[in-house]
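Novice: Now for the letters of each chain:
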Amino acid sequence: MHETREALLKRLESAARQVRRNVWRALRAGGSGHAGGSCSAADILAALYFHRLRVRPGEPDWPERDRFVLSKGHANAALGAVLAQAGFIDDAVLDRFYGLESPFGMHPDIKVPGVEMCTGALGHGLAVAMGMALGARIQKQAFHTFVMLGDGELHEGSNWEAAMAASHYRLANLTAIVDHNKISQSGPVAEIVGIDPLADKWRAFGWEVREIDGHDMEDVVDTLDALPLHPDRPTALIAHTVKGKGVSFAENTYLWHSNNVNDDIYERALGELGEP
Amino acid sequence: MSAAATGSTDWRTRAAKQTRLAFGQALLEIGAREPRAVVVSADTQDLLGIRPYIERYRDRFVEVGIAEQNAIGAAAGLATTGLRPYVCAYAPFITARSMEQVRNDVAYANQRVVIGAAASGISLGVAGGTHHALEDLALMRSLPNMTVIVPADVDEAYQATLATLDIDGPVYLRLGGRVEEPAVSEADAPLRLGRAVQLRSGRDIAVIACGALVEMAVRASDALRREGIGARVLNMHTIKPLDRDAILTAAAETRGIVTAEEHHLAGGLGGAVAEILAVERPTRMRMVGMPDTFAMVGPTVPLRAKYGMSAEAIADACRALLGVG
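Sequence order for the protein chains is A and B.
Per my numbering, the first sequence runs over residues 1 to 276.
Per my numbering, the second sequence runs over residues 1 to 325.
By construction, these hints were calculated from the structure, which means they are not laboratory data.
Ideal placement from N, C-alpha and C gives every residue a C-beta, glycine not left out.
Among these hints, one or two may not hold up.
Stated by the list, open to error - Ranges between beta-carbon positions, derived for each pair:
#1 A:Val193 - B:Gly65: 54 to 64 Å
#2 B:Ala96 - A:Thr253: 50 to 60 Å
#3 B:Glu186 - A:Ser32: 55 to 65 Å
To be verified - Covered by chain B, according to a simulated footprint, are these stretches of chain A (three or more residues, beta-carbon under 8 Å):
#4 17-30
#5 126-132
#6 159-166
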């Protein structure tokens with residue numbers, strides 16, 4: 001039966017709530033972690049994995065799959081959540097976050113089904129994703145490559161090497177999503193080293209740019225459905241988000257870039273998030 | 001065009017006696033043999049002599065410009081899609097500058113990326129210390145999954161490049177600069193990875209060398225022979241995985257080991273040999289290589305001699321270890 005637009009959005013919003021619940025669950029299991037950047041990314045990740053990406057959880061190495069690289073790898077709890085919810089990995093993995101021999105540590109590992117690259121050292125994912133997009137072109141494959149970047153991550157100069165080359169090669173099969181939550185590890189990105197005007201920077205590097213509300217599922221879905229935004233250019237989506245979105249005490253503060261999570265904090269977080 | 005059409009005489013003429021150009025010529029043969037091969041350049045088209053490859057396989061070529069971090073990251077991404085990237089780069093820049101990309105995207109992720117690293121050691125002597133690569137072996141051999149190869153001459157460079165087709169993991173292939181390296185290896189002999197080649201026999205002492213120092217080791221051995229000293233020479237073209245059997249046998253059958261390389265004495269071939277011997281068969285050693293200093297500017301050949309990388313220095317190290325002369 002065809003899913004109505006309204007039903008789709010409701011399903012994705014519910015999935016995103018579940019992602020956030022699973023993020024806090026994983027961080028409690030691990031005792032600490034990156035709640036802020038995981039929760040700012042949750043809606044976009046839900047839209048990607050449960051709507052946009054052509055992937056096969058039972059066949060994670062399917063050659064024609066769309067690629068998603070989480071360059072801001074510290075949001076691995078959110079990636080683990082979507083991979084578990086999508087069926088790439090066993091849901092119980094989320095209760096063994098950081099555990100000895102757990103497939104999931106603080107940052108993504110390519111050995112985990114559904115993870116496309118070892119990331120988290122910042123400034124790596126865009127170049128790797130560009131290589132994937134070039135690989136698709138060389139082998140005449142139709143898959144699309146997505147990469148999610150942090151805004152603070154854009155301080156790393158290697159991003160701009162890749163940004164320059166990706167537009168040179170007119171990689172319309174590449175989309176970079178900036179999770180623009182405006183807060184880095186030590187404070188507001190604008191105070192650490194300002195990155196504005198951000199959209200103009202990407203445009204100057206030859207990308208097609210759209211700014212979206214990264215927590216408005218309709219905006220996210222409409223934009224992902226419209227890709228590529230230009231037939232000859234890679235797309236940069238600047239997603240305005242809230243660090244720690246969904247849990248009041250974790251929102252908009254660098255203190256929750258990474259923090260300890262005990263049972264009490266977990267219960268309070270889940271109470272605010274509500275049922276999926 | 002078939003592999004045979006590249007013709008050994010043809011490539012040898014074009015490559016002169018420079019290992020960096022032999023790599024570029026071998027890529028032509030790889031392009032024919034491996035349809036998944038793709039060459040990545042960091043504005044290094046002439047450095048590694050890849051223009052003939054580009055002409056023939058333009059659709060399997062990526063130029064990223066002067067951007068080594070991007071070259072390695074993109075190569076890793078290409079490799080994840082099933083392609084077999086060959087990165088053409090300057091040794092000093094592709095190792096030190098993009099070390100984190102090599103470590104994470106290539107070695108940790110265990111991708112089949114081959115790095116052809118020209119201008120290693122002090123082969124760009126006149127370019128100065130900014131352009132020398134005297135720590136690259138230390139960096140590359142410390143990475144799990146990485147294979148590290150140092151060809152001694154153009155034949156070995158060509159064969160080593162072909163040998164990478166069978167390596168299921170990342171490879172660092174160390175190449176020279178504009179200095180011509182005399183031939184020491186057997187022409188057209190397939191390179192057996194991880195197996196040292198014995199070029200001179202001898203039971204008094206053994207010289208384990210790589211790269212440009214192999215030919216010097218041979219000359220040192222010949223000079224010592226005239227003095228009645230039998231100096232075995234092992235061409236240790238593969239630094240990782242290291243041929244431990246050849247090292248342990250040499251240690252057992254001689255009175256000491258001298259290592260020789262165009263690399264800092266810390267962390268290179270000498271260190272790798274010492275790591276094995278210290279644990280498995282403590283053996284008296286001397287190491288020939290670059291001391292703990294940045295090299296001054298100068299033409300490569302006299303610069304090597306200036307810092308003790310010469311046939312004479314190797315022979316002296318052998319005599320000193322044996323307590324003669």
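Novice: Run every hint past the structure and note whether it holds.
Specialist: Here is how each hint holds up against the structure:
1. For Val193 (chain A) and Gly65 (chain B), the hinted distance range of 54 to 64 Å is not satisfied, since their beta carbons lie about 25 Å from each other.
2. Look at Ala96 (chain B) against Thr253 (chain A): about 38 Å separates their beta carbons, and that is not inside 50 to 60 Å.
3. Between Glu186 (chain B) and Ser32 (chain A) the beta carbon distance is about 59 Å. The supplied range of 55 to 65 Å therefore holds.
4. A stretch counts as covered by a chain when three or more of its residues have a beta carbon under 8 Å from one of that chain; for the stretch 17-30 of chain A and chain B the count is 0, and the coverage is violated.
5. Three residues within the 8 Å Cβ limit are the bar, and the stretch 126-132 of chain A against chain B gives 7, so the coverage statement holds.
6. Three residues within the 8 Å Cβ limit are the bar, and the stretch 159-166 of chain A against chain B gives 4, so the coverage statement holds.
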